[in-house]
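J.: The lines below spell out each chain.
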Amino acid sequence: GNSVTQMEGPVTLSEEAFLTINCTYTATGYPSLFWYVQYPGEGLQLLLKATKADDKGSNKGFEATYRKETTSFHLEKGSVQVSDSAVYFCALTPTGRRALTFGSGTRLQVQP
Amino acid sequence: DAGVIQSPRHEVTEMGQEVTLRCKPISGHDYLFWYRQTMMRGLELLIYFNNNVPIDDSGMPEDRFSAKMPNASFSTLKIQPSEPRDSAVYFCASSKGQGATEAFFGQGTRLTVV
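So the sequences go chain by chain: W and S.
Position 88 of the first sequence, counting from 1, maps to 88 under my numbering, and the rest follow consecutively.
Position 80 of the second sequence, counting from 1, maps to 192 under my numbering, and the rest follow consecutively.
Errors might be hidden in some of the hints.
Unchecked claim - Cross-link-like lysine-lysine pairs, in silico, DSBU-like; alpha carbons within 35 Å at most: (1) S:K208 to W:K77; (2) S:K136 to S:K190; (3) S:K208 to S:K136; (4) S:K136 to W:K52; (5) W:K68 to W:K56; (6) S:K190 to W:K68; (7) W:K52 to W:K68; (8) S:K180 to W:K77; (9) W:K77 to W:K56; (10) S:K180 to S:K190; (11) S:K180 to S:K136; (12) S:K190 to W:K56; (13) S:K190 to S:K208; (14) S:K180 to S:K208; (15) W:K68 to S:K208; (16) W:K60 to S:K136; (17) W:K52 to W:K77; (18) S:K208 to W:K52; (19) W:K60 to W:K77.
To be verified - In silico negatives: residues of chain S with every beta carbon more than 10 Å from chain W: (20) A114; (21) T125; (22) V131; (23) T132; (24) G140; (25) V165; (26) D168; (27) R197; (28) D198; (29) S207; (30) E214.
Unchecked claim - Not close to chain S: a few residues of chain W, all C-beta gaps over 10 Å, as computed: (31) E8; (32) S14; (33) Q45; (34) K60; (35) E69; (36) L100; (37) S104.
Simulated from the structure, these hints should not be mistaken for laboratory data.
The beta-carbon is built from N, C-alpha and C at its ideal position, and this holds for glycine as well.
Let's have the full structure, built from the sequences with the hints guiding it.
T.: Here it is in C-alpha cells:
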C-alpha cells in the first residue's frame, strides 16, 4: 500500500537555525509529493509540491526535492523564524488517484 | 473566495446522539474530501467525491458514518449514533481538475462525544 513516514517531533530550534524534516514514502508508480503546514486552530495549507523525480518544490524559503532513488522528500529551510512554528505534514497522491495519504506530522517549535 | 467553509466549528454531543457536519467547497471545485484527524491515527481519509459522486468510501469507519453530496456546493458527514471514540477534528477539503492540484482545507470541526 501507500504510506508516508516522517521524523518524530517536536523539533525545537532557535530562530535563524537550519531546518530539516525527513520524509520517506512507499508507493507504486510515480506519486506526487506534497508538504502541507497546519497552524494552530486552522486547516492545512499547501506549502510546496513536486510531481516527478528530481523536481524541487519551493515556497517561502522552504524547499524539498523529489528523490526517487531514496524515496524521500525532505523539507529544508535555511533560516527559520518564530512564525514558522506549526505542524508540517508530508503527503502523497498515488498515480491516478486524487486523495492524499499523509504522514503523522512533525511539530516545529522555533524559539526567539 | 471565502475558501472551504465548515460548520459547526465545535460540536459537543452526548453518546448515542446523531451528529451532522457540514461543508461548502470552493465554487468550481469538482473534488471534495472528508478527513479525520486524531492524535492516535493522524489524518485519515474517510471518503471523497468527484462531481458529487462518491468515489472511494473505504476509509469510512463503519455503518454509523454516512456522507452525502446532494449538489456541487454542499456536503454532509453524519454519525449516528455517535460514540466517544468518534471524538476528533473532521476536515473537509476541495480541489479542482486533474493532476497534482492543491487541496484546500476548511478550518475543521472539532467533535467531542461525551
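J.: All hints are to be evaluated individually against the structure, with a verdict given for each.
T.: Tested hints:
no.: 1; hint: S:K208 to W:K77; verdict: 29 Å, holds
no.: 2; hint: S:K136 to S:K190; verdict: 15 Å, holds
no.: 3; hint: S:K208 to S:K136; verdict: 14 Å, holds
no.: 4; hint: S:K136 to W:K52; verdict: 32 Å, holds
no.: 5; hint: W:K68 to W:K56; verdict: 12 Å, holds
no.: 6; hint: S:K190 to W:K68; verdict: 40 Å, violated
no.: 7; hint: W:K52 to W:K68; verdict: 8 Å, holds
no.: 8; hint: S:K180 to W:K77; verdict: 41 Å, violated
no.: 9; hint: W:K77 to W:K56; verdict: 13 Å, holds
no.: 10; hint: S:K180 to S:K190; verdict: 9 Å, holds
no.: 11; hint: S:K180 to S:K136; verdict: 12 Å, holds
no.: 12; hint: S:K190 to W:K56; verdict: 40 Å, violated
no.: 13; hint: S:K190 to S:K208; verdict: 24 Å, holds
no.: 14; hint: S:K180 to S:K208; verdict: 19 Å, holds
no.: 15; hint: W:K68 to S:K208; verdict: 27 Å, holds
no.: 16; hint: W:K60 to S:K136; verdict: 29 Å, holds
no.: 17; hint: W:K52 to W:K77; verdict: 21 Å, holds
no.: 18; hint: S:K208 to W:K52; verdict: 20 Å, holds
no.: 19; hint: W:K60 to W:K77; verdict: 9 Å, holds
no.: 20; hint: A114; verdict: 13 Å, holds
no.: 21; hint: T125; verdict: 21 Å, holds
no.: 22; hint: V131; verdict: 19 Å, holds
no.: 23; hint: T132; verdict: 19 Å, holds
no.: 24; hint: G140; verdict: 16 Å, holds
no.: 25; hint: V165; verdict: 13 Å, holds
no.: 26; hint: D168; verdict: 6 Å, violated
no.: 27; hint: R197; verdict: 19 Å, holds
no.: 28; hint: D198; verdict: 19 Å, holds
no.: 29; hint: S207; verdict: 7 Å, violated
no.: 30; hint: E214; verdict: 4 Å, violated
no.: 31; hint: E8; verdict: 12 Å, holds
no.: 32; hint: S14; verdict: 27 Å, holds
no.: 33; hint: Q45; verdict: 7 Å, violated
no.: 34; hint: K60; verdict: 15 Å, holds
no.: 35; hint: E69; verdict: 20 Å, holds
no.: 36; hint: L100; verdict: 6 Å, violated
no.: 37; hint: S104; verdict: 5 Å, violated
Hints 6, 8, 12, 26, 29, 30, 33, 36 and 37 from the list above are not met by this structure, while the remaining hints are.
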